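Engineer: Numbering follows the numbering used here, in which position 335 of the sequence shown is assigned residue number 370; successive positions increment by one, without gaps.
It should be emphasised that the hints constitute simulated quantities derived from the structure, not laboratory data. Predicted model only: the values in this text are computed from it and were never measured. All residues carry an ideal CB built from backbone N, CA and C; glycine is no exception. Misleading hints may appear alongside valid ones.
Said to hold, decoys possible - List time: in silico DSBU-like cross-link candidates among lysine-lysine, alpha-carbon distance up to 30 Å: (1) K250 with K265; (2) K233 with K247; (3) K342 with K265; (4) K247 with K275; (5) K265 with K409; (6) K215 with K254.
As the list claims (entries may be wrong) - Between beta-carbon pairs, the in silico distance windows are: (7) T701 with Q172: 51 to 61 Å; (8) T190 with T701: 28 to 38 Å; (9) G656 with T185: 44 to 54 Å; (10) T400 with E329: 26 to 36 Å; (11) R333 with T190: 16 to 26 Å; (12) G243 with E73: 41 to 51 Å.
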Amino acid sequence: MPSRKRESSSSTTDDALADVIGASLGIAAADAKIVERERLTSLWSGYGHVERLTLAHKAPSGAPLAVIVKRVRPPPGDSSVGHLRKLKSYEVESNFYTDDSLAMAFVRQQEGEACSALRPQCVPTIPFPIHVERHGQSSFEFVLSDSSFTFPRYTGDLDEADAKAVLRWMASFHACYWEKLGGIGGKVWEEGSYWHLKTRWDEYNSMGRRWKRLKLAAKAIDAVMCNCTKWRTLVHGDPKAENILFNSNSSSSAQDLVASLHDFQYVGGGWGSRDLSYLFCSSFDSDLLHDSGESLLRYYHQQLTAKLPGGDAALPWALLQNQFELSVADYCRHMAGWGFWGNADWAQRVTEQLLQRLDGGRELTEEGYAEAVKREFPLLAGGGTCQTHSSPAAALNGSGNSRADDGNDDGNAPAPPQHTASAASASRSATALGAILRAQQLLSGKRAMPQHLVVHVVGADLNEGTSPPETLRLFGGLFEGLASRAACASVDLVLVGPNVPHGLDGVASARTAAARSGGGGDGGAAAAAACGGCGGGGGGSAAAAAVCGGGGGGSAAVAAAVACGGGGGGGGGAAAAAECGACVAVRVRYACGLYDEVVGALSEAVRDPHVALLFNAGLWGYDTWRPTLARLLCAPNEIPCCGLDADAQPALRIVVVTSYCASEATDDLDVIEDVLGVEEGDVSRWLWLPELNPHRSLVARDRRGHVTRHEQYENHHWQCLCR
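Model the full assembly from the supplied sequences, consistent with the hints where possible.
Structural biologist: Have a look at this one:
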């Protein structure tokens with residue numbers, strides 16, 4: 036155990052220091068003597084120095100003991116923000132080493148209760164705290180075990196074996212303190228890392244015009260990272276290569292390679308992704324980052340969740356990806372004001388993709404970015420609690436339905452969904468709504484989103500439902516979202532593909548959906564039930580309910596007017612549907628066959644979609660997709676044999692293509708470029724290029740019987756084009 040931190044008025048002499056070191060280690064004062072001194076380095080900005088002392092002693096082990104002494108002596112007369120930040124950092128480091136719940140908790144986790152600096156078999160992967168002393172208000176003396184004998188190797192750029200060793204260390208460190216920060220308030224930084232916004236206003240104010248969008252978004256990004264109360268742990272705060280040592284060469288067996296980290300001045304609370312973003316940017320070899328960045332992030336996730344009681348449910352993979360994106364942008368914000376270094380190009384690309392996702396390339400106000408962050412990261416922006424509205428948060432939780440408070444107040448993450456078709460269906464409904472809302476924002480002022488939407492699901496299969504009621508239920512989140520957030524009055528949903536069940540070919544059914552709301556009224560219960568969760572109800576309209584449940588073979592078109600109260604009561608029956616400002620009339624149709632072969636047989640009213648959804652299309656290598664893509668993406672005069680009437684084309688068409696993984700999304704992009712005949716790099720037709728889909732499924736596909744290099748996830752990546 037380290038000796039208790041104590042205060043004195045002057046520097047400790049060698050004899051006195053030998054005495055306190057000996058006392059801390061259980062050695063009699065007369066039996067300990069400093070016999071060698073080696074100055075190693077100076078501290079940042081002249082705040083002191085670090086030296087190695089060799090201590091001769093008469094303990095049973097007998098061998099001389101080397102210790103590291105870090106002496107902090109700040110220059111006098113400075114009262115700047117930077118100076119105060121440095122002083123605070125050394126106070127935090129002293130607390131980390133002396134508080135029993137901090138450094139020693141990690142040492143005990145690794146080495147057990149009997150670990151001591153005098154036991155050769157005790158090899159913690161942080162310096163063992165022997166003695167910490169404070170002199171006055173601003174000077175400190177740290178006596179720590181010398182890690183360099185067990186961990187002799189340092190390297191500037193981490194290769195893959197090095198990187199994995201550090202990620203294993205991070206997983207262990209983060210798991211040790213996972214959601215256990217309640218008792219350490221005031222002892223470490225409230226928000227770990229040296230670049231935290233609240234300590235870096237000078238750099239924030241120095242951000243140039245090139246990064247104005249990031250500057251406007253910075254407070255919203257910082258807020259979601261600080262205010263989210265779940266998934267928090269203790270972060271190192273400065274995990275660059277200079278603070279990492281290894282026990283052997285990277286050519287050693289991968290699992291035998293062990294990393295040790297030191298310098299805990301900026302340890303504090305936060306998402307583990309803060310450490311990851313800085314490590315990736317500062318210390319990974321650039322080629323490694325380009326080729327294996329995502330796989331290394333996944334490696335950390337596997338190592339971490341294996342150590343957490345809840346396993347994957349404690350931190351779903353998709354949430355870690357979201358946290359990582361935000362953390363990279365947060366660190367890029369600091370570099371934009373302080374100076375870029377390390378893998379800056381990579382960090383800037385990740386940040387630009389995030390900004391594009393938030394603002395579509397158009398500068399927003401600070402309030403606008405705050406709303407965009409809530410929109411794109413609903414589970415994180417909600418402080419870690421499940422949202423009560425449908426779609427994005429519901430998809431992250433693997434549920435197609437809106438999720439109310441489940442009474443789980445103990446801070447645990449929700450359990451992951453079971454691997455069933457419903458997880459894929461939930462992701463599809465949420466992806467559809469997310470794409471429509473995002474396109475609506477990006478096209479605002481340029482192209483109008485009509486109040487009546489024709490939506491085609493191209494290549495539909497069993498995940499979209501095997502009966503009209505099931506399809507209407509599975510896409511309930513889409514319909515409710517369109518009613519409440521997109522000012523949409525009616526939707527024709529057309530499911531087309533060779534895997535549509537033959538028994539559904541030509542079937543049509545209808546219902547009305549509404550934004551969830553309260554309300555009441557007399558006699559409207561049947562209609563409300565038929566509307567699938569519409570909270571209110573007008574009275575006396577039970578007959579209208581019969582229309583909702585419909586469906587039947589060969590039906591050409593079914594009337595969509597159904598009574599549905601949007602909140603508030605009173606009679607009114609069918610008239611309520613027309614007057615309800617938060618209702619959307621829905622018709623669903625099915626067509627079995629290849630899209631380009633059967634879509635022409637649809638009625639004129641639904642033949643040409645405003646929105647086409649190609650879920651997990653897998654375009655590359657399948658020539659049957661090419662005429663479908665041409666029909667969806669090309670103007671009629673570009674495909675003269677398609678039989679389309681230019682005057683009949685909708686004013687707007689967006690085409691959303693999702694993929695199981697990043698590499699498949701790139702392949703899909705290549706096929707689309709070829710069909711369009713555009714040069715590589717011509718992105719004028721894309722509303723957004725392939726990127727991680729925030730509404731992707733969190734559950735890996737069941738690939739039993741199939742050989743794949745990586746796990747696949749429904750709608751993992753998405754891209755969107757506009758015609």
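Engineer: Take the hints in turn and mark each one as holding or not.
Structural biologist: Hints, verified against the model:
1. Of the supplied pair hints, the one linking K250 and K265 holds, its CA atoms being roughly 26 Å apart against a limit of 30 Å.
2. For the hint linking K233 to K247, the alpha-carbon distance of about 18 Å falls within 30 Å, and the restraint holds.
3. Distance hint between K342 and K265 is fulfilled; the C-alpha atoms sit about 17 Å from each other, no more than 30 Å.
4. For the proposed pair K247 and K275, the alpha carbon gap of about 27 Å is at most 30 Å, so the pair holds.
5. About 16 Å separates the Cα atoms of K265 and K409, which keeps this hinted pair within 30 Å; it holds.
6. Distance restraint check for K215 and K254: the Cα-Cα separation of roughly 26 Å lies within the 30 Å cut-off, and the hinted pair is therefore satisfied.
7. A beta carbon spacing of about 57 Å between T701 and Q172 agrees with the range 51 to 61 Å that was offered as a hint.
8. Between T190 and T701, the C-beta spacing of about 32 Å keeps the proposed range 28 to 38 Å intact.
9. Checked against the hint of 44 to 54 Å, the pair G656 and T185 passes, with Cβ atoms roughly 52 Å apart.
10. T400 and E329 have their C-beta atoms about 33 Å apart, which keeps the hinted 26 to 36 Å range intact.
11. The hinted range of 16 to 26 Å is satisfied by R333 and T190, whose Cβ atoms lie roughly 23 Å apart.
12. Take G243 and E73: their Cβ atoms lie about 44 Å apart, and the range 41 to 51 Å holds.
Taken one by one, the earlier hints all hold for this structure without exception.
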